[in-house]
Amino acid sequence: MKRVFPILALLTAVLLSCALYEALVAAPTEQTMGNVQRIFYYHVPSAWTAFLLFFINFVCSIQYLVRPNPVADKLTNWTVIAIGIAACIAAFVIRPLPEGIEPSSVATTGLAIAGFYFLIRKCFSQPRTDALAVVTAEVGVVFCTVVLVTGPLWARPVWGIWWTWDVRLTSTLVLWLIYVSYLMLRRFSTSGQTPVLAAALAVFGALDVPLVYFSIWIFRTQHPQPVIGGGGSIDPRMLHVLLINWLAFLCFAALVCWSRYRLEILQREVEETQALEALLEPRSSR
Amino acid sequence: MHLDASPVVTLTSVFKQFGRFAALRGVTAEFTSGRLYAILGDNGAGKTTLLRVLAGLAQPTRGTVSILGTTKLRSVCHELGYMAHPSLLYDEMSGMENLRYFARLYGISDLTNNDPTQKDEGGAANMTAVGLDPALARPVAQYSQGMRQRLSLARALLNDPKLLLLDEPFSNVDSGSAREMVLLLSRLRSAGKTIFVVTHQALLLEGTADEFVWMEAGQITNRARELRPVETR
Amino acid sequence: MSKSSAVPSGVTGATLAKDLRLEWRSKDALNSMLFFSLLVVVVFSFSFDPNAEESRQIAGGLVWVAFLFAAVVALNQTWARELRNHVLDAYRVSPAPANSLFLAKASGNFIFVAVLEILMTPLFIMFYKLRALGPAWQLIPVAALGTWALVVNGTFFAAMSLRTRSREIMLPLLLFPVSIPALLAMVNATTAILTGELSAKFWIVLLSTYDVVFTIACLLLFELVLNAE
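Residue numbers (the numbering used here), protein chains in the order written: chain A, 1 to 286; chain B, 1 to 233; chain C, 1 to 229.
No lab work stands behind these hints, which were simulated from the structure alone. A portion of the hints provided could be inaccurate.
With a cut-off of at most 20 Å between alpha-carbon atoms, the simulated EDC-like pairs for lysine to aspartate or glutamate come out as follows [as the list claims (entries may be wrong)]:
1. C:K27 with B:E97
2. A:K122 with A:D73
3. B:K72 with C:E168
For each label pair, taking beta carbons as the anchor points, the in silico distance ranges come out as [as the list claims (entries may be wrong)]:
4. A:W217 with C:I111: 51 to 57 Å
5. C:V65 with B:D133: 50 to 56 Å
6. A:W162 with C:S32: 47 to 53 Å
7. A:L243 with C:Q57: 41 to 47 Å
8. A:M33 with C:V65: 34 to 40 Å
9. C:E229 with A:A72: 18 to 24 Å
10. C:L34 with A:E277: 54 to 60 Å
Ideal placement from N, C-alpha and C gives every residue a C-beta, glycine not left out.
Full structure from sequences and hints, please.
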């Protein structure tokens with residue numbers, strides 16, 4: 001495992017430089033927005049990475065809560081499998097799908113959810129899912145901050161406004177707020193069972209985000225707002241640059257998460273060793 | 001029932017750590033039913049933690065606890081009575097009001113009698129047994145510390161528990177009332193209850209306790225039927 | 001004296017009755033809360049002083065932010081009495097289910113915050129010369145659902161913040177992000193009813209969904225939070 005890290009680091013460096021070049025130089029200039037549009041290659045991959053990391057945090061939180069209880073554990077396993085199957089079925093049965101959503105992406109999302117869940121379950125023991133949860137929350141907040149900073153930076157020159165309450169930006173802001181409060185809970189907690197409290201908060205957050213999305217969507221249909229980023233089709237050359245940037249960001253996120261995870265595990269091992277030492281050494285009575 | 005010598009509490013290699021501080025280090029012991037155990041030791045020896053683990057308020061970091069034949073402590077919690085350093089009572093309510101409310105938590109509804117003129121048999125009896133006047137309408141905030149201790153004991157007895165866990169029941173109680181409490185405990189023990197008393201006043205229990213248990217640095221260091229004048233190290 | 005190993009019933013009712021009785025007796029928290037609510041209304045009235053037409057547009061937001069502040073102050077003292085003498089230990093040792101305690105506390109908070117709202121509303125109507133152009137009766141389900149949304153999560157996070165430092169600031173810190181969709185729904189529903197321009201139906205449905213989802217989540221997870229050492 002130790003040799004993979006430097007290789008990944010090297011790969012990340014290469015990918016990031018490549019992606020930077022592509023984004024700033026090689027990619028075609030956008031028609032209406034000009035060079036400012038290039039920030040899009042940082043804004044969107046950061047968002048996707050942040051969402052992925054928060055999703056992993058959610059999976060870890062659920063597992064941390066559910067694994068000690070065999071009944072709940074089984075129930076959750078079957079629910080996840082059902083979600084995967086339902087997504088596959090829905091992708092090909094539901095007609096017509098909402099605009100912009102392909103059947104393949106629905107099926108892939110469902111399978112990816114199930115895949116991630118069982119992969120994490122297999123590779124991480126229950127205490128380690130908590131470590132992974134901390135790591136993904138921290139790195140996710142960083143990427144989410146990037147999204148929230150690049151968004152206004154892009155919007156101002158192009159649309160003349162710093163902020164708008166459109167669906168995506170607002171949902172991202174709420175997600176950021178939830179996870180900052182998650183990190184604060186972890187820092188301020190005095191309980192011996194901080195992981196349980198934090199996991200409960202993550203579950204609440206995960207339940208909240210779809211509701212936020214839906215509520216802003218209703219709000220927007222009642223009060224139309226400018227949309228940052230726009231929808232619609234994207235030039236294939238731009239898509240190519242976008243995907244390279246995303247790959248680079250993912251590798252970078254994996255690198256940072258891995259380092260942080262190793263640090264977290266080491267810290268926990270040190271604490272455990274110190275606790276064991278305290279057990280074994282004779283204690284003087286106070 | 002008090003001739004039954006089956007173990008009512010079994011601790012197997014119980015550890016309890018709070019971060020780096022080990023409150024209990026590998027406690028292994030068996031306690032039989034129908035006996036009164038006095039738990040002695042200096043501050044920080046782990047006596048309170050032991051009681052909290054038995055009450056189900058603290059989960060052992062390692063090891064198992066078996067009470068009344070089961071390790072699922074939640075299923076036998078209606079047979080436990082617990083009394084701690086803090087009074088576990090509402091300062092704003094009177095004695096009987098407190099007892100009536102806590103009785104509801106145990107599903108005892110014939111105590112909840114809103115007619116103040118009618119005597120609530122169970123609760124009133126409990127209060128009288130600990131030497132308090134059931135008719136006292138004063139809120140607990142105005143009780144003396146000793147009265148609060150006694151009411152706390154009455155609360156622990158509400159559900160007629162098989163196992164009583166008492167943490168320093170005699171602190172701040174005058175010697176006369178303390179002796180009465182000891183007599184009460186002795187009667188309860190004769191009725192078949194198992195009683196754990198954590199106390200610094202070991203002399204009060206001399207002649208009453210079936211066994212004295214000394215704890216030090218999170219372990220049980222000695223058990224004896226007699227209270228010796230000098231504690232062994 | 002009856003005693004059984006079955007789960008005791010009526011604990012929620014008994015706990016709620018006890019809390020209401022104690023609150024009525026001391027009236028300390030109640031009085032200070034009522035006065036605080038009055039102050040909030042007055043301060044808001046000085047800060048935002050629109051004419052009758054504009055007031056209908058912004059009143060929804062104003063009123064609910066004011067209610068939110070009042071609710072946070074009320075929620076912060078949810079467990080104050082239980083903390084004083086470690087009464088929660090007595091509760092945890094008993095066979096009474098954790099959810100009964102949660103429901104009792106949440107209901108108590110609901111009643112408490114509802115009383116504050118009932119006090120603050122006429123003042124707002126007076127200061128802002130409010131009149132509902134839409135179906136005014138709809139304000140009642142909006143207020144009820146909205147208050148429950150704040151209170152159910154607030155009681156849960158109040159219990160969570162018992163295990164943290166800076167307890168009083170942790171409660172709003174945890175509560176506000178999660179309450180954003182509910183807040184949006186409450187404000188928009190109220191504005192829709194006051195201005196009569198749009199239907200509040202969607203918002204009421206959203207609020208109901210929010211309430212159901214989070215009440216279930218709180219009931220499932222409260223025992224873990226209560227027993228976190």
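Results of checking the hints against the structure:
no.	hint	verdict
1	C:K27 with B:E97	holds, 18 Å
2	A:K122 with A:D73	holds, 13 Å
3	B:K72 with C:E168	violated, 35 Å
4	A:W217 with C:I111: 51 to 57 Å	violated, 34 Å
5	C:V65 with B:D133: 50 to 56 Å	holds, 51 Å
6	A:W162 with C:S32: 47 to 53 Å	violated, 40 Å
7	A:L243 with C:Q57: 41 to 47 Å	holds, 45 Å
8	A:M33 with C:V65: 34 to 40 Å	holds, 37 Å
9	C:E229 with A:A72: 18 to 24 Å	holds, 21 Å
10	C:L34 with A:E277: 54 to 60 Å	holds, 56 Å
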